[in-house]
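Colleague: Now for the letters of each chain:
2 protein chains.
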Amino acid sequence: MSQIRHALSVKRADDFAQWYQEVISAADMAEESGVRGCMVIKPWGYGIWERIQRLLDDRIKAAGHDNAYFPLFIPLRNFEREAEHVEGFAKEMAVVTHHRLIADGNGGLVPDPDARLEEPLVVRPTSETIIGDAMARWVQSWRDLPLKLNQWANVVRWEMRTRMFLRTSEFLWQEGHTAHETAEQAREHTLRMLEVYRACAEDDLALPVIAGEKPENERFPGAVETWSIEAMMQDGKALQAGTSHYLGTNFAKASGIRFQNREGTQQLAHTTSWGVSTRMIGGVIMVHGDDDGLKVPPAIAPWQVVIVPMLREDDGDAALLAYCDDLRARLVASRALGEPVRALLDDKPGKAAAKRWDWVRKGAPLIVEVGPRDMADGKVSLLRRDALWADNGKPAFEAPSVDEVVSSIPGMLETMQSSLLAHAAAERDARITRGVADWSQVEAAFADGVKNPGWIEIQWSKPTGATLDGIVERLKALKLTLRNVPQGSAAADGTCIFTGDPAVERVLVARAY
Amino acid sequence: MSQIRHALSVKRADDFAQWYQEVISAADMAEESGVRGCMVIKPWGYGIWERIQRLLDDRIKAAGHDNAYFPLFIPLRNFEREAEHVEGFAKEMAVVTHHRLIADGNGGLVPDPDARLEEPLVVRPTSETIIGDAMARWVQSWRDLPLKLNQWANVVRWEMRTRMFLRTSEFLWQEGHTAHETAEQAREHTLRMLEVYRACAEDDLALPVIAGEKPENERFPGAVETWSIEAMMQDGKALQAGTSHYLGTNFAKASGIRFQNREGTQQLAHTTSWGVSTRMIGGVIMVHGDDDGLKVPPAIAPWQVVIVPMLREDDGDAALLAYCDDLRARLVASRALGEPVRALLDDKPGKAAAKRWDWVRKGAPLIVEVGPRDMADGKVSLLRRDALWADNGKPAFEAPSVDEVVSSIPGMLETMQSSLLAHAAAERDARITRGVADWSQVEAAFADGVKNPGWIEIQWSKPTGATLDGIVERLKALKLTLRNVPQGSAAADGTCIFTGDPAVERVLVARAY
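Residue numbers (this note's numbering), protein chains in the order written: chain G, 3 to 515; chain Z, 3 to 515.
If you are wondering where the hints come from, they were derived from the structure by calculation, not from laboratory data.
Don't take each hint at face value.
Distance condition first, Cα-Cα at most 27 Å in a straight line; then the derived DSSO-like pairs of lysine-lysine [said to hold, decoys possible]: (1) Z:Lys350 - G:Lys63; (2) G:Lys357 - Z:Lys150; (3) G:Lys357 - Z:Lys63; (4) G:Lys150 - Z:Lys150; (5) Z:Lys63 - G:Lys350; (6) Z:Lys357 - G:Lys150.
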């Protein structure tokens with residue numbers, strides 16, 4: 003068996019950004035499409051997204067939402083009527099102005115000047131306004147509330163600098179939109195969905211996250227409160243992995259979502275919106291990847307076990323393939339993490355050792371190689387992606403019997419799922435500095451040349467307006483941003499690091515994607 | 003129990019088009035969005051689509067395809083290089099020309115003249131060209147083939163006249179794209195996917211279809227062969243419910259999908275593409291609907307059993323709800339059509355009789371009403387959507403015990419699924435006229451005032467070019483189109499109805515959506 007280590011050409015510690023790009027390419031997850039700002043999500047990357055979709059969709063439905071689908075195109079007037087929304091959001095967007103192409107007379111095509119739209123259409127950057135229009139039609143009485151909708155869709159925000167999964171002009175997401183009778187119910191629902199996101203990130207993606215409220219300057223335009231889940235990448239930067247917004251009556255007012263309340267009078271509904279996107283896949287890479295490639299948590303792995311037969315292109319191959327397929331069938335009939343085990347027999351042409359390293363780079367949780375000798379002994383060669391190397395620097399193959407491997411794989415997958423989370427949480431917690439008391443400590447922590455400074459938790463007086471603007475500028479000089487005020491953190495007991503006033507809460511500060 | 007019949011205001015026999023619109027509205031499936039040509043798919047309509055997606059996706063994956071995702075936007079040059087494709091296709095499309103909005107100084111927004119795209123982008127009407135670009139990058143050797151991809155996506159074709167589900171500017175679909183070593187393999191795959199569509203239509207949607215090859219004039223632009231499945235609506239018109247194309251090397255040439263073959267020389271790949279869309283839901287409505295609303299085949303019903311408690315807003319309600327929820331839990335734990343039964347307890351506010359008729363219009367297969375008296379007797383009141391009316395003109399309630407209903411529902415759902423298909427197939431077969439020997443019979447069959455003429459099968463000499471154009475014009479005068487040459491139909495044994503030459507095959511002629 004080949005002992006050659008097919009590592010990536012870049013290590014995390016040397017150039018994290020370059021390593022990230024290389025993992026995406028080496029794991030065959032996605033690539034540039036040639037269309038500005040748009041990526042192609044290849045089968046392995048899309049398979050991970052399908053798993054995330056399936057698990058999150060189950061959670062969203064269990065929380066009482068129905069899926070629906072709303073138009074890709076939003077008329078300009080929808081943006082015009084919500085001034086605050088326009089100001090914060092409606093700038094870099096794809097605008098459709100024509101509905102026909104014609105020949106230009108030189109073998110090329112141009113938009114037909116006679117087919118100019120009377121009103122340009124915007125490709126949705128998010129759907130609050132178009133879903134708000136529908137809600138205004140559907141909500142008449144308190145009996146129609148709560149109205150709880152979700153949409154899986156593509157959205158477009160024209161981005162100048164793109165990075166695969168993390169920031170692309172087109173991306174895939176789900177956006178939930180709900181309307182409620184009271185502010186209290188809407189706020190409660192905002193937090194309920196935040197908790198759904200936390201559970202999905204931690205239990206499905208094995209991404210430890212800190213859930214909390216965003217400071218005023220980081221709010222979604224038009225929101226009264228914005229909450230987020232924040233994950234720490236291995237380079238110490240933060241990734242906002244999901245947001246949940248309490249929108250008050252702002253969008254209800256703009257769209258006219260009014261209902262007759264229990265007292266018989268007309269009032270505005272209170273709405274929420276919340277979304278997570280393919281960006282989460284970037285988080286999975288940057289939290290679970292290593293210098294050999296990706297590690298996919300078993301719950302979201304398109305294939306949890308890949309069986310690689312060592313084919314010789316001789317008469318023995320048929321028996322070997324039958325042996326492997328029998329193993330596959332037994333695994334598929336067993337269950338792990340509440341679902342049938344997803345096992346693939348990789349019988350494509352190619353050398354077994356090359357295929358092994360392909361699956362290592364892709365991060366399949368378990369690789370089972372089977373050669374003629376394994377078959378003769380009733381055994382297999384098992385490689386765990388989370389324990390790839392033996393102390394001697396060779397791949398840490400185990401040699402269980404077929405019966406042993408069938409009975410132990412469900413437990414292995416479940417252990418791997420929980421240990422990925424526990425490991426990432428421990429790494430993160432070790433890099434959060436709490437109790438930072440003055441600004442010079444912040445400057446020192448994030449001075450040029452400091453590697454992987456992680457996050458710091460500071461106490462502050464929650465300033466607003468111009469004071470907050472000044473703080474944001476000071477942080478910006480160190481490339482820092484305010485992340486969130488973690489739920490359930492200890493009460494403030496010091497002074498504001500910025501103003502010297504008595505602190506009212508603790509807020510996380512970090513560099514971020 | 004209320005005996006009021008909440009029928010639709012329009013009957014199928016009186017105005018089929020109007021009835022269709024009314025079912026969509028009465029079943030709460032979709033509505034106009036206010037955005038030109040785009041619809042909102044409401045939860046019940048989208049729930050049906052999710053079921054179709056799930057079942058078809060399983061079939062597509064079982065046939066060895068991987069899902070992936072490609073850009074929404076396609077550069078103009080992709081259309082320019084495939085002239086035939088441009089000619090047939092690339093006219094009515096949404097064109098993005100700007101990437102920013104700015105204030106117009108009058109409180110409005112306009113596309114920013116300084117943010118004009120150098121090359122306009124087209125919102126994908128279909129993805130052959132952009133997926134072809136990716137295939138050209140991914141395919142190097144015969145070992146990379148077959149390459150079998152599928153995408154679930156929204157596409158946009160600017161339509162002047164729209165009808166919900168059947169023809170909208172934006173619609174949802176799946177598009178499969180594969181590349182193969184040989185013409186034979188690609189043609190074989192084209193037919194394999196046609197068979198997948200036939201199985202999905204008949205076994206999942208209970209839509210009887212006729213699979214066959216489209217005549218030359220009905221081919222997808224750029225295709226060498228186009229195959230379709232055709233379903234007959236209750237008004238006798240045809241609905242093309244899915245197509246599968248053998249593209250030869252036409253798209254491979256345009257995109258440069260070349261590979262080193264087993265002999266070591268470079269050659270073009272042979273490609274296929276195939277798609278079905280939300281249009282299929284229009285077919286379900288027009289095949290299975292009746293004058294009371296929709297009937298959803300159990301395999302694609304978001305809820306197969308809806309339990310409606312007759313709440314009195316008194317102390318007895320809690321016990322009644324517990325009784326109903328126990329029934330729901332028992333049903334969900336049972337299986338029908340290979341999956342857990344999908345049972346809903348509809349405990350929303352509102353009168354039970356009103357809710358019953360809502361679910362009848364939506365076409366839920368089974369409605370179980372439970373009142374205090376039913377509970378006292380250990381029984382329920384069961385209404386089957388496919389056998390709604392007793393001979394006395396009243397709803398045909400049955401009164402089984404809870405044990406009886408739990409044990410009989412899986413069988414009822416399975417019987418309903420197969421009898422919907424059998425009934426629709428019998429209706430269709432009765433309306434296909436075969437052995438039509440001369441043109442005057444066609445004229446008589448489709449003369450003004452003839453109601454529901456159905457389809458006719460004619461024999462023809464398969465003319466091409468100008469002769470075919472003339473035939474298409476003659477048919478057009480009767481609002482007829484050539485549908486397809488059914489697979490496995492008897493050999494031709496007569497003369498061509500159009501040219502008098504010896505016939506070579508049989509082709510279906512019909513009015514169509």
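Colleague: Does Lys150 of chain G lie within 27 Å of Lys357 of chain Z when you go C-alpha to C-alpha?
Modeller: 19 Å, holds
Colleague: Given the proposed pairing of Lys63 of chain Z with Lys350 of chain G, does the C-alpha separation stay at or below 27 Å?
Modeller: At roughly 16 Å apart (the allowed maximum being 27 Å), Lys350 of chain G and Lys63 of chain Z satisfy the hint.
Colleague: Given the hinted pair Lys150 of chain G and Lys150 of chain Z, is their alpha-carbon gap at most 27 Å?
Modeller: It is violated: about 37 Å lies between the C-alpha atoms, which goes past 27 Å.
Colleague: For Lys350 of chain Z and Lys63 of chain G, compute the direct alpha-carbon distance and say whether it is at most 27 Å.
Modeller: 16 Å, holds
Colleague: For Lys357 of chain G and Lys63 of chain Z, compute the direct alpha-carbon distance and say whether it is at most 27 Å.
Modeller: Given that 27 Å is the threshold and the Cα spacing comes to 21 Å, the pair holds.
Colleague: Quickly compare the C-alpha distance for Lys357 of chain G and Lys150 of chain Z to 27 Å and report which way the hint goes.
Modeller: Given that 27 Å is the threshold and the Cα spacing comes to 19 Å, the pair holds.
The structure fails hint 4 only (numbered hints given earlier).
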